[in-house]
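Student: If you read the sequences in order, they're chains A and B. Numbering of the first sequence is given in our numbering, commencing with residue 1 and proceeding in unit increments. Numbering of the second sequence is given in our numbering, commencing with residue 1 and proceeding in unit increments.
Think of the hints as simulated: they come from the structure by calculation, not from any bench. Computed from a predicted structure; not experimentally measured. C-beta atoms are modelled at their ideal positions from N, C-alpha and C, and glycine is treated no differently. There could be a bad hint or two in this list.
Claimed, not checked - Label-pair restraints from in silico Cβ distances: (1) R126(B) x D204(A): 54 to 62 Å; (2) E242(B) x D204(A): 54 to 62 Å; (3) A175(A) x R35(B): 34 to 42 Å; (4) L106(B) x P338(A): 15 to 23 Å; (5) D328(A) x S267(B): 55 to 63 Å; (6) E149(A) x E242(B): 33 to 41 Å; (7) D123(B) x S260(A): 18 to 26 Å; (8) D123(B) x E149(A): 56 to 64 Å; (9) Q153(A) x E270(B): 49 to 57 Å; (10) E270(B) x E149(A): 52 to 60 Å; (11) D32(A) x D123(B): 34 to 42 Å; (12) S260(A) x R283(B): 19 to 27 Å; (13) Y263(B) x A175(A): 49 to 57 Å; (14) P338(A) x Q51(B): 52 to 60 Å.
Unchecked claim - Below are the SDA-like pairs computed for lysine to any residue, each with C-alpha atoms no more than 25 Å apart in a straight line: (15) K37(B) x R127(A); (16) K144(A) x M187(A); (17) K37(B) x V389(A); (18) K37(B) x L331(A); (19) K37(B) x D312(A); (20) K264(A) x L331(A); (21) K37(B) x G286(A); (22) K20(A) x V389(A); (23) K61(B) x K182(B); (24) K37(B) x Q283(A); (25) K37(B) x A285(A); (26) K182(B) x R284(B).
The primary structure of each chain is shown beneath.
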Amino acid sequence: MSAWEPVGTQVSNPDRTILKGGRVVDPVNGVDGSADVLIDGGRVTRVGPNLEIEPGTVIIEVPPGCVVCPGFIDMHVHLREPGHEYKETVATGVAAAVAGGFTAVACMPNTDPVNDDAGITRLILDRAAQARLARVYPVGAVTKGQAGEQLAQIGELRAAGCVAVSDDGRPVANASLMRRALEYAAMFDMPVIDHCEDVSLAGDGVAHEGHHAAVLGLRGLPGVAEEIIVERDVTLSGLTGSPVHIAHISARGALDAVRSGKDKGIRVSCEVTPHHFTLTDEQLAGYDTNYKMNPPLREAADVEAMLEGLRDGSIDCIATDHAPHHYDEKLVEFDRAPFGIVGLETAVSICLDRLVHAGRVRLSRLVELLSVNPARVLGVPGGELTAGVPADITVLAPDLAVRVEAAAFRSLARNTPFDGWSLHGGVAATMVGGRTVYVNETVPGATSFDRRS
Amino acid sequence: MLPRTDPTRHDAEIPLTGSGSSGAPAEFETPAGLRAKDLLSIGDLSADEIQLILDTAEAMKEVGTRTIKKVPTLRGKTVVNLFFEASTRTRASFEIAEKRLSADTLNVAATGSSVVKGETLADTVRNLEAMAPDMIVLRHAAAGAGHLAARLCRARVINAGDGMHEHPTQALLDAMTIRQRKGRVEGLKVSIIGDLLHSRVLRSNVLLLRALGAEVCVCGPATLMLPDMARLSVRATTSIDEAVEDADVIMLLRIQLERMRGYFFPSLREYFQQFGMTVARLRRAKRDVIIMHPGPMNRGVEIASEVADGPYSVILEQVANGVAVRMAVLYLLAGARHE
Ligand SMILES: [Zn+2]
Ligand SMILES: [Zn+2]
Numbered sequence: 001m002s003a004w005e006p007v008g009t010q011v012s013n014p015d016r017t018i019l020k021g022g023r024v025v026d027p028v029n030g031v032d033g034s035a036d037v038l039i040d041g042g043r044v045t046r047v048g049p050n051l052e053i054e055p056g057t058v059i060i061e062v063p064p065g066c067v068v069c070p071g072f073i074d075m076h077v078h079l080r081e082p083g084h085e086y087k088e089t090v091a092t093g094v095a096a097a098v099a100g101g102f103t104a105v106a107c108m109p110n111t112d113p114v115n116d117d118a119g120i121t122r123l124i125l126d127r128a129a130q131a132r133l134a135r136v137y138p139v140g141a142v143t144k145g146q147a148g149e150q151l152a153q154i155g156e157l158r159a160a161g162c163v164a165v166s167d168d169g170r171p172v173a174n175a176s177l178m179r180r181a182l183e184y185a186a187m188f189d190m191p192v193i194d195h196c197e198d199v200s201l202a203g204d205g206v207a208h209e210g211h212h213a214a215v216l217g218l219r220g221l222p223g224v225a226e227e228i229i230v231e232r233d234v235t236l237s238g239l240t241g242s243p244v245h246i247a248h249i250s251a252r253g254a255l256d257a258v259r260s261g262k263d264k265g266i267r268v269s270c271e272v273t274p275h276h277f278t279l280t281d282e283q284l285a286g287y288d289t290n291y292k293m294n295p296p297l298r299e300a301a302d303v304e305a306m307l308e309g310l311r312d313g314s315i316d317c318i319a320t321d322h323a324p325h326h327y328d329e330k331l332v333e334f335d336r337a338p339f340g341i342v343g344l345e346t347a348v349s350i351c352l353d354r355l356v357h358a359g360r361v362r363l364s365r366l367v368e369l370l371s372v373n374p375a376r377v378l379g380v381p382g383g384e385l386t387a388g389v390p391a392d393i394t395v396l397a398p399d400l401a402v403r404v405e406a407a408a409f410r411s412l413a414r415n416t417p418f419d420g421w422s423l424h425g426g427v428a429a430t431m432v433g434g435r436t437v438y439v440n441e442t443v444p445g446a447t448s449f450d451r452r453s
Numbered sequence: 001m002l003p004r005t006d007p008t009r010h011d012a013e014i015p016l017t018g019s020g021s022s023g024a025p026a027e028f029e030t031p032a033g034l035r036a037k038d039l040l041s042i043g044d045l046s047a048d049e050i051q052l053i054l055d056t057a058e059a060m061k062e063v064g065t066r067t068i069k070k071v072p073t074l075r076g077k078t079v080v081n082l083f084f085e086a087s088t089r090t091r092a093s094f095e096i097a098e099k100r101l102s103a104d105t106l107n108v109a110a111t112g113s114s115v116v117k118g119e120t121l122a123d124t125v126r127n128l129e130a131m132a133p134d135m136i137v138l139r140h141a142a143a144g145a146g147h148l149a150a151r152l153c154r155a156r157v158i159n160a161g162d163g164m165h166e167h168p169t170q171a172l173l174d175a176m177t178i179r180q181r182k183g184r185v186e187g188l189k190v191s192i193i194g195d196l197l198h199s200r201v202l203r204s205n206v207l208l209l210r211a212l213g214a215e216v217c218v219c220g221p222a223t224l225m226l227p228d229m230a231r232l233s234v235r236a237t238t239s240i241d242e243a244v245e246d247a248d249v250i251m252l253l254r255i256q257l258e259r260m261r262g263y264f265f266p267s268l269r270e271y272f273q274q275f276g277m278t279v280a281r282l283r284r285a286k287r288d289v290i291i292m293h294p295g296p297m298n299r300g301v302e303i304a305s306e307v308a309d310g311p312y313s314v315i316l317e318q319v320a321n322g323v324a325v326r327m328a329v330l331y332l333l334a335g336a337r338h339e
């Protein structure tokens, strides 16, 4: 599959453009300092301090204090199309993505019908091309219909543009099937992304098994249900030599399993969501269904472990698990509400506030978590501002005061527990293929990116 | 984002006269009221408020002894009994309490209403709200159903059992019964035995008994334990003898037959052998121990008939006190002052 070409929104700007005077953070090239970024034909051509400006070059003055980074990639979102367009569409999903600072998203296959077929993959890519905002990397199903019985046509999905396979929404329960999926997908350079949950231990749980669920009378989802399957997946990855990626890790024991797998040289990677390193099960007290997700919000010791994993490198990526739901679906008894919250438009602010400003991780590490590593895990272009790569760029305004306002989301959905939060740090602008796709007008000077008029 | 009823606005608009000029007996003239808008959890009540409810219930009990068992306290108030789970006992108890207080009552049962046609709880509550009831008594299989209802309506919501979460009026009537028999709750050893994990009665009782200073011991199979009981200042044991030892009060919880399917225990017979309350086991308790059960009982499973029908049993007193406690809660919530 060496001839495989990047997929998604093919946008380009033929103009020569220079981003002048910003702080550039590009960990792959060891850059963290004041530099200009030259873009030509939609690709990065040079990065360096005080670049010479040829006549005819469009000059974008990077607003003071803003940071130019390789485009952020959210490797775990649910765009709901086809089948659940009342929750989200590809168009509204990518609009939310670029507003949240993401230049690309990988969308999970649990649509209706399931993305287990090249036709569905092409439909998603067509919608993304029409939207011309963020790049969209479809994730195909591991099994036909995500039924956990028979492998999906993974080779065909790859040819159509899928970058990974997952049965997300549910785990690959059968260990033999998981083993074969790892072996088979690796032929196509695709990782298997697993939603790790032992279904027999999880039962019909709705909240993290612990003190709070017990007091509230909510059926528990134990951390070990996650840990056991992560242990299994790490072991099977070791057996097969194939890469496995653990979706939305949340339990401290599960992270220990990833860590020890990495120590043994096993090709395991993992992602954590902003809510799993920010919120705990203590928030469940009012039975607000915007705190219901799977994996569930866990206890303080788990949150602390996630923060440590982000710091020490055992967690590779931050992904949102953006899961839009209609408000009617969430306005029900806690037991009956669907799992999941939206995340695209809050993730970067939470990361800046809770990780960078809190002194937990440095900005360059955050860029690794949101850009470099997702690109590597998925094997997609990006994650760096190297000459020749598409000019996918996220411009951060780390000192911006942000107030989360769910009603103003570009996503169709409003199901967030972060509504009303005040956060320190946000997004100034987003560029995909050298073209500005989002400008945050509340950032002074950011309108210099706005060349759409 | 969930639409939320603004509680402060709510408080301002509801006329909060408890008995007003309706000619209530003197002892009910000036209700001190409860701080919270709703009674969803025992955790909504302070220890003082619990005592107030129990004291008021004592006064209410007297109404039940009159020839005309009715006071005009809640005249003109509308109370909806919204029951999504069948419960003859609790519903009857609330209904009698409401009628004795002269409230207008409306019973909405899950069967025979729009509920079965797939209407959501939110819509049911909003439709009822449009008819401006003063209070909604809600029984529902889902934990937190009362919290959802309370957010969507101005009517005060009384939780009459929400899934595995709580059953506050049950715990209050239990405390009333203990107080009547023992003169106090503080310092007593109360042992609660049975299916702890799935019991809303347990959860409400633990909060209430701890708030009133009882020493609480819970006992059941390891499979039906709650995690981290120590965090609730409760002693947990799987030894029935340890639980019964020196107990002042033994409260038995109902064992549901379907629990065998969740691998919780092998058979009802074995449950009775290991945890059933028998006369022999009871000998370790204090001589004046009382036996309580929230009902309905499974004789020969969690309790031997000899114990249920024996001299220590106060099970029927619990039922009688249920009406008085519910009258007190209805009365105090109707008269709640809100700052
Ligand atoms: Zn998942
Ligand atoms: Zn997901």
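Student: Run every hint past the structure and note whether it holds.
Tutor: A quick look at each hint next to the structure:
no.: 1; hint: R126(B) x D204(A): 54 to 62 Å; verdict: violated, 28 Å
no.: 2; hint: E242(B) x D204(A): 54 to 62 Å; verdict: violated, 33 Å
no.: 3; hint: A175(A) x R35(B): 34 to 42 Å; verdict: violated, 54 Å
no.: 4; hint: L106(B) x P338(A): 15 to 23 Å; verdict: violated, 32 Å
no.: 5; hint: D328(A) x S267(B): 55 to 63 Å; verdict: violated, 44 Å
no.: 6; hint: E149(A) x E242(B): 33 to 41 Å; verdict: violated, 49 Å
no.: 7; hint: D123(B) x S260(A): 18 to 26 Å; verdict: violated, 50 Å
no.: 8; hint: D123(B) x E149(A): 56 to 64 Å; verdict: violated, 38 Å
no.: 9; hint: Q153(A) x E270(B): 49 to 57 Å; verdict: holds, 51 Å
no.: 10; hint: E270(B) x E149(A): 52 to 60 Å; verdict: violated, 38 Å
no.: 11; hint: D32(A) x D123(B): 34 to 42 Å; verdict: violated, 55 Å
no.: 12; hint: S260(A) x R283(B): 19 to 27 Å; verdict: violated, 53 Å
no.: 13; hint: Y263(B) x A175(A): 49 to 57 Å; verdict: violated, 21 Å
no.: 14; hint: P338(A) x Q51(B): 52 to 60 Å; verdict: violated, 43 Å
no.: 15; hint: K37(B) x R127(A); verdict: violated, 49 Å
no.: 16; hint: K144(A) x M187(A); verdict: holds, 18 Å
no.: 17; hint: K37(B) x V389(A); verdict: violated, 60 Å
no.: 18; hint: K37(B) x L331(A); verdict: holds, 21 Å
no.: 19; hint: K37(B) x D312(A); verdict: violated, 48 Å
no.: 20; hint: K264(A) x L331(A); verdict: violated, 46 Å
no.: 21; hint: K37(B) x G286(A); verdict: holds, 14 Å
no.: 22; hint: K20(A) x V389(A); verdict: holds, 19 Å
no.: 23; hint: K61(B) x K182(B); verdict: holds, 18 Å
no.: 24; hint: K37(B) x Q283(A); verdict: holds, 21 Å
no.: 25; hint: K37(B) x A285(A); verdict: holds, 17 Å
no.: 26; hint: K182(B) x R284(B); verdict: holds, 19 Å
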